[in-house]
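J.: Each chain is listed here by its residues.
Number of protein chains: 8
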Amino acid sequence: MKAEALREVLLAFQRGEMTLEDVLARLRHLPYEDLGFAKLDHHRHLRQGFPEVVFGHGKTPEQIAAIVARLLEHSALALVTRTDEAAYAAVRRIAPDAAYHPQARMITIRRGAPSEPEGLIAVVSAGTADIPVAEEAAVTAEALGNRVERFYDVGVAGLHRLLSLHERLVAARVIICVAGMEGALPSVIGGLVSVPVIAVPTSVGYGAGYGGVAALLGMLNSCSANVVVVNIDNGFGAGFVAGLINQPKTH
Amino acid sequence: MKAEALREVLLAFQRGEMTLEDVLARLRHLPYEDLGFAKLDHHRHLRQGFPEVVFGHGKTPEQIAAIVARLLEHSALALVTRTDEAAYAAVRRIAPDAAYHPQARMITIRRGAPSEPEGLIAVVSAGTADIPVAEEAAVTAEALGNRVERFYDVGVAGLHRLLSLHERLVAARVIICVAGMEGALPSVIGGLVSVPVIAVPTSVGYGAGYGGVAALLGMLNSCSANVVVVNIDNGFGAGFVAGLINQPKTH
Amino acid sequence: MKAEALREVLLAFQRGEMTLEDVLARLRHLPYEDLGFAKLDHHRHLRQGFPEVVFGHGKTPEQIAAIVARLLEHSALALVTRTDEAAYAAVRRIAPDAAYHPQARMITIRRGAPSEPEGLIAVVSAGTADIPVAEEAAVTAEALGNRVERFYDVGVAGLHRLLSLHERLVAARVIICVAGMEGALPSVIGGLVSVPVIAVPTSVGYGAGYGGVAALLGMLNSCSANVVVVNIDNGFGAGFVAGLINQPKTH
Amino acid sequence: MKAEALREVLLAFQRGEMTLEDVLARLRHLPYEDLGFAKLDHHRHLRQGFPEVVFGHGKTPEQIAAIVARLLEHSALALVTRTDEAAYAAVRRIAPDAAYHPQARMITIRRGAPSEPEGLIAVVSAGTADIPVAEEAAVTAEALGNRVERFYDVGVAGLHRLLSLHERLVAARVIICVAGMEGALPSVIGGLVSVPVIAVPTSVGYGAGYGGVAALLGMLNSCSANVVVVNIDNGFGAGFVAGLINQPKTH
Amino acid sequence: MKAEALREVLLAFQRGEMTLEDVLARLRHLPYEDLGFAKLDHHRHLRQGFPEVVFGHGKTPEQIAAIVARLLEHSALALVTRTDEAAYAAVRRIAPDAAYHPQARMITIRRGAPSEPEGLIAVVSAGTADIPVAEEAAVTAEALGNRVERFYDVGVAGLHRLLSLHERLVAARVIICVAGMEGALPSVIGGLVSVPVIAVPTSVGYGAGYGGVAALLGMLNSCSANVVVVNIDNGFGAGFVAGLINQPKTH
Amino acid sequence: MKAEALREVLLAFQRGEMTLEDVLARLRHLPYEDLGFAKLDHHRHLRQGFPEVVFGHGKTPEQIAAIVARLLEHSALALVTRTDEAAYAAVRRIAPDAAYHPQARMITIRRGAPSEPEGLIAVVSAGTADIPVAEEAAVTAEALGNRVERFYDVGVAGLHRLLSLHERLVAARVIICVAGMEGALPSVIGGLVSVPVIAVPTSVGYGAGYGGVAALLGMLNSCSANVVVVNIDNGFGAGFVAGLINQPKTH
Amino acid sequence: MKAEALREVLLAFQRGEMTLEDVLARLRHLPYEDLGFAKLDHHRHLRQGFPEVVFGHGKTPEQIAAIVARLLEHSALALVTRTDEAAYAAVRRIAPDAAYHPQARMITIRRGAPSEPEGLIAVVSAGTADIPVAEEAAVTAEALGNRVERFYDVGVAGLHRLLSLHERLVAARVIICVAGMEGALPSVIGGLVSVPVIAVPTSVGYGAGYGGVAALLGMLNSCSANVVVVNIDNGFGAGFVAGLINQPKTH
Amino acid sequence: MKAEALREVLLAFQRGEMTLEDVLARLRHLPYEDLGFAKLDHHRHLRQGFPEVVFGHGKTPEQIAAIVARLLEHSALALVTRTDEAAYAAVRRIAPDAAYHPQARMITIRRGAPSEPEGLIAVVSAGTADIPVAEEAAVTAEALGNRVERFYDVGVAGLHRLLSLHERLVAARVIICVAGMEGALPSVIGGLVSVPVIAVPTSVGYGAGYGGVAALLGMLNSCSANVVVVNIDNGFGAGFVAGLINQPKTH
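Sequence order for the protein chains is A, B, C, D, E, F, G and H.
First residue of the first sequence? That's 1 in my numbering, and the numbers climb one at a time after it.
First residue of the second sequence? That's 252 in my numbering, and the numbers climb one at a time after it.
First residue of the third sequence? That's 503 in my numbering, and the numbers climb one at a time after it.
First residue of the fourth sequence? That's 754 in my numbering, and the numbers climb one at a time after it.
First residue of the fifth sequence? That's 1005 in my numbering, and the numbers climb one at a time after it.
First residue of the sixth sequence? That's 1256 in my numbering, and the numbers climb one at a time after it.
First residue of the seventh sequence? That's 1507 in my numbering, and the numbers climb one at a time after it.
First residue of the eighth sequence? That's 1758 in my numbering, and the numbers climb one at a time after it.
What the hints contain is simulated information worked out from the structure, not anything from laboratory work.
The model shown is predicted, which means the values in this text are computed figures rather than measured ones.
A few of these clues could be false.
To be verified - Capping the alpha-carbon separation at 30 angstroms, the derived lysine-lysine pairs in DSSO-like fashion look like this: (1) G/K1565 / F/K1314; (2) B/K310 / G/K1565; (3) A/K59 / H/K1816; (4) C/K561 / A/K59; (5) H/K1816 / E/K1063; (6) B/K310 / D/K812; (7) E/K1063 / C/K561; (8) D/K812 / F/K1314.
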């Protein structure tokens, strides 16, 4: 039953051609979309600058460009993660305003100004090899309109460096903490600050690191109570939730 | 070197009894605590109403009471998790204002008024057996001064009930989602709202649920990007981070 | 001892050349195949349109073609799974009536009309990347003579779309539900319908998805009691069992 | 908005007190339950004899009795699994017509005649220790109105016994196959019949059986394509789905 | 201390140049090899036809040829496993009597006649993809001088074929049973015979087969008590132990 | 169809009351047991002294006694494993000739003389805590008629003790090697002897031993090619296969 | 062949009753123990104060006392781990000089003065619940004659406390670091010092800590290169190796 | 606040321009690095010859050369692990004194003489395939100034060879033991010596070796109490800690 049909039912009722009970019976079987439910969903995206995101891994440049083109029809912000320069070339053909972030391996397209969250998001990473995931988080948060400060190569085995950043870390509204190997960084940083710490385990390491399992388990068992965790290598998710936390609830 | 000793060094320098270089050399080896670092830490607790928390499992009532007594010397809020009535009796002897929450299996002691966060924290749980963990989250968040609304027995296999709560869920600033078995609830709720969802896997279930592993993995792999995860059965951590998200950054 | 030999034994007994005890002793050691057991097996295939299936992965086009040629000698329906265009070229040379299904990566050859099951099989999948496995299930079910309706890109994070399909899902005799990541879709769909749901976990995802383990465990622990599970990426098995369920027992 | 309120809206519209657009706007925000969605769900239970099931493990007899009492208000069939005689005593006080099945460790209450499926459900189990799970499956299927035939102690290491049952197994519309240890029974039986085989791994065994993991993995990797799997020890789920398969689609 | 030196010590003692205590003290610190321990080891190989084996995977043809050349200096039988034609070309240059077994991916060189065990070794495999491992077992056993009978493509889902082999299987002194996927074959065969069954899990399969884990666990949990297990894909080990079992203890 | 019935069929055919085709049709559907297949199985037990074994864990003394009584009707040797004195008391009431082996936690009943294998079975164990499993193996092998020599407390960390046993170990026809923790003993012993070594991992140990997993994996990956493995704590299986190896093939 | 026999051989040779070749032949087959190898082993214990250790878990007080009595015949130091007061009472009856350490759950008996290592061993632990394992390490090291300094409740979430200990930690020759949950402490301490850090994971924690697995993996993947690891809860091993490191090599 | 600023504060205090309290307040907030903490860290490297290490895997030759160039500015010893000839060519351009070790796959650059530890480090490996990891350990230890003796191809299945090395092994101050497959070597060697044994599991093997897991678990569960463990394939860590143990504590 289309919205048109719904109007017909109601008008028929008004005209006395249907009883009240008939109308109620019809309403009970309305398909959900016709009730504007889907519209609510689109509204959510447009109003809050929510990104539409494409997981680029395993898709051809053409497939990525086609999906992006469709997303841009109703979204002000589109992201492609785990992608490369070839996909960027394809996307630029349908969206010349697309930007490519090589370290983050992401494409971003924003149309219209983002909301302006006031707080700061700090992105901290442990080792050089963790930077791609950290950049995925940072670029995501920036695309959502946040101010982001990056602190890379901050390992727990070099406490002096970590401590020298203390003043700047406590200034953040939320901290994203990216680490592979033993994944101890979120616990240490969690103890230094009083804001949420989003821990991102990375698949960096070898041997008994098991592609990020050691870091993941370490973060889930953190002795710092302000640590929450996302999937291994999920920089996008961390950047996204950090943006939600930094954004004052307005609806 | 105590703070007293530090004063002596500086005064000796002022009196010309030490060279500038001597003073610098001494400062380089100052123990950290003497520099007031620990005070900063205590300050954090007092200013922000951060809880001191005791993991009660495996401790005797007497041990719990002794730890609580020590914590209350410098903290305005103390929580005991995974505890029971016997421990409560012991704690009440040293803190008559302690409260016991049987479903949450927690003891709380608050001294002084909490801060007043404006937003709402929703705590949703899937099955009856998940309620103790959900209550641990809810009581923790309430102890931190938050308004909390509980939605229990909201399983994904009964969508009609979940959907009837939609309006109330979108009113929350952050949602805590507690589920065992397949842990699908955070994904479904994450798709309905535009705020952070803190997923708490529980050890509820049997067989290939592996004491919460199935739920934990399900939540880490959520297709909803606004889901973050804490350890299995870690209601306290979820309630704590939810409170941090709900609390406007003020320092 | 061949069937011929069996006849000889019995005739010799009839002629009085063997005692009853001799015959009984011979019968006790009869090879099973000679008793028509294998024929029963072939009969099963021919009568019920059961497919012979070749797992194509790791086999050369020539090997696949040779196996298919042999199967077609006594089977009315042959399927090749996990295959490609090169194998199809080889098969077409020995079976010009073979069809190739690129999304499903399958080759099918049917000779003779299939049985005609009355019910409908719905194949639902969560993400774009799950489509190859969903197609393997759908093509298998169709090859067995079933009517199949496909519902792709129906994720649990977008409930409005799932709910808009409700009327069409309840029309199915059995539902195949294909999902990677957290594998929550079968639980949600299971709660909406009153028919068996065959859940197929896929290896889609990354990090703590562990190549389908998260989805598999989620499906095994489904809170919807009408969910059964097959191996990761086993679209063929799901399509096959769905066909058995949809087929009235006739022998 | 209650159904009452919905009537008011429609009547106000009929009386010309609301415009068509006003009515449409109100309908878009209707809570779902008010649209009769929940009723549809209850209808499902009543019409099809779907069971309401209580997982008894970890609940007191009083809790179980209270839940059962509530379920019986709108369900014609209630089951309690993983329960005992003490719970039965409590349940019988509120439902004197309740039956207890000691081997299955189940309580069943049926009110009104079940539907009458025509087919037969065979329940086969491998070892003596698998019988409680097999009985849970059999009692569940019987409670749903099915004819059930039990074949216990049919191990793959004793093929002669398995083969002697061949004729009776092929008579079934669906077979439930319960096995611990290596879980090989469903593969062997799957090869003998042309109907769906629902495999139930049990936690029977020791050492590298890992509480049912070996059996579960064996069944998921079955070389017989007609095998589907449920959770370890999930006799209820197997019996329930077997009933769905055996029940002709009627709506 | 070389054997020469040992002689010197004893002769010096005989000549009265060393006391008995001196000799005893020297003997206490003798390096083991000098006592002929190593010779004992070589003796073992020569006497019993024990193979020297090279694991070819990851070694260059030149490395393999060099190792084989060294082994042949003191061994009558050398095997190379997991190898290919290129390595065979290299080996043939230093051992023109080497033989290559393409299905088994092995090179064998035998010099001198093997012992002659009387019994028969049966090698049974489940699927086509298991044949390379089965051949590795068969070729190894043959190289050790055993009579080997091969039974391939004997899956548990096709019992009629398995049973037709019953008479020939019971004729074996030991059975090697090679299977991937659910690994059920050894349990079924173990129940048909009264000799040891050496089960070899293979990495054949996909999804929850986990590279042979499902088969390995199934075999370790076999309900047939005459089943022992070797490592995944370890055809060589199975063939070797089968040879030891088939060889009458003669020392 | 009973054997009686089979005779009737044949006699009817002889009398001309059935055609040849009728007889053949009847034979094709003969239940297997009626063909003496089960007798063959019983024959196997009686002829070769194969044990019937009851896994005692989780069974009541009365259940064990009842099963044993039934087994003794057609078996000359019955074993109960994982049992205790209470079960022994119950068994002795129905079989006064039963023997109890407290360290092995086994009950054995033998009627009639066993076969007399010529070789020796050595049972070696690593630590004190491994002795119950080692005894289960030793008592099983003895019950089957084998000569068994026990070597306990032979850890790889004390090589001098192991080496002092070298002469006696090489005298064995087959060696059972029982070890927990790292499970290194079979590898070391395997290198010292030229007979099959049956490795039995035990659940002895703690922490990362994971209830025998470390030992099991160590044994499966043994660098000694003459090592085969049975399930964790499966002393019975090891003793049984050792007996089969030690028993000359006679049928 | 006893040492006596060896003398006989040599004397016979001296007397000309045996040829040189005969003597050599006899020597080749000498049992190892007769060569004084075992004495070397005992020597090791006596000279270096190596402990004999009994793993008390699962042994009765009487068994423990009996083993200790035997050990004390040739060892100057005996330890019992994982024990209790009841075992202590039994041990004190045969060794009145035994000492009990309740937190460490250990019994120690030392006879004769230990060696006197010069360095200091620091034992650091993260949480209160880790203390029993830390004490097992500390008591073991002290029993071996080392000076031990304890630093308990030093979590990575409270860096200020850890840093205030910096001066005292760098004074140690080796550091034992005991931690459960995420096991991050060794990495942080490893970065602060330039001596070996022996990391001991504990089974403290819950949920995804998996009884010490998270801590174990974290420690194995430590980004501090001076970290080595022992088994979960293996305080004894850590204390023992720390003692070996602290002990100058003197032989 | 820079060191310059610190001087200004102190001089201002000396000049009477700041009160004592003002100075103390400033000191409390000093960034750590400004206090010379980082210098302490550099000091540690220069004084003790600690290496700076680059994990080469996944880095381009140019990246490696750039990092090495930066490290050499303040370190007397730089190592690159998991690298190759191409990286060596790049490094040699910026450090002509660099050395390449092909078996160890390492680049080393040393400037200035190392300290001279007195003891010997023995590096023992089990199989040929373990040599690269063993060489990584040996080259690391040598780069730190240690004398290293290599013992390769010393498997536990060939005890005679292991025992012939006994005298030379007991001469070592610390032993590095490298083994894949079952990882039994450290246990056996641990029982022969009275010094620490650092066990390095390798990813050598196949099947149930699981890339080093079997060896890792075996080593963690070693029955020799003097065994500690590092990560799978972590030759560098083993060589580094061995150097720390061999180096007398001098600060």
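J.: All the hints need checking, so say for each whether the structure fits it.
T.: Each hint, compared with the structure:
1. Our distance criterion of 30 angstroms between C-alpha atoms is met by G/K1565 and F/K1314, whose separation comes to about 26 angstroms.
2. With a C-alpha separation of about 26 angstroms, the suggested pairing of B/K310 with G/K1565 holds against the 30 angstroms cut-off.
3. For the suggested pair A/K59 and H/K1816, the alpha carbons sit about 26 angstroms apart, so the restraint of at most 30 angstroms is met.
4. A hinted pair counts as satisfied when its Cα atoms are at most 30 angstroms apart, and C/K561 with A/K59 qualifies at roughly 26 angstroms.
5. A distance of roughly 26 angstroms separates the Cα atoms of H/K1816 and E/K1063; the hinted pair therefore holds under the 30 angstroms criterion.
6. Restraint check: the Cα-Cα separation between B/K310 and D/K812 comes to about 26 angstroms, which is no more than 30 angstroms; the hinted pair holds.
7. With a CA separation close to 26 angstroms, the supplied pair E/K1063 and C/K561 stays within the 30 angstroms bound.
8. Between D/K812 and F/K1314 the CA atoms are separated by roughly 26 angstroms; this keeps the pair inside 30 angstroms, and the hint holds.
Checked against the numbered hints above, the structure violates none of them.
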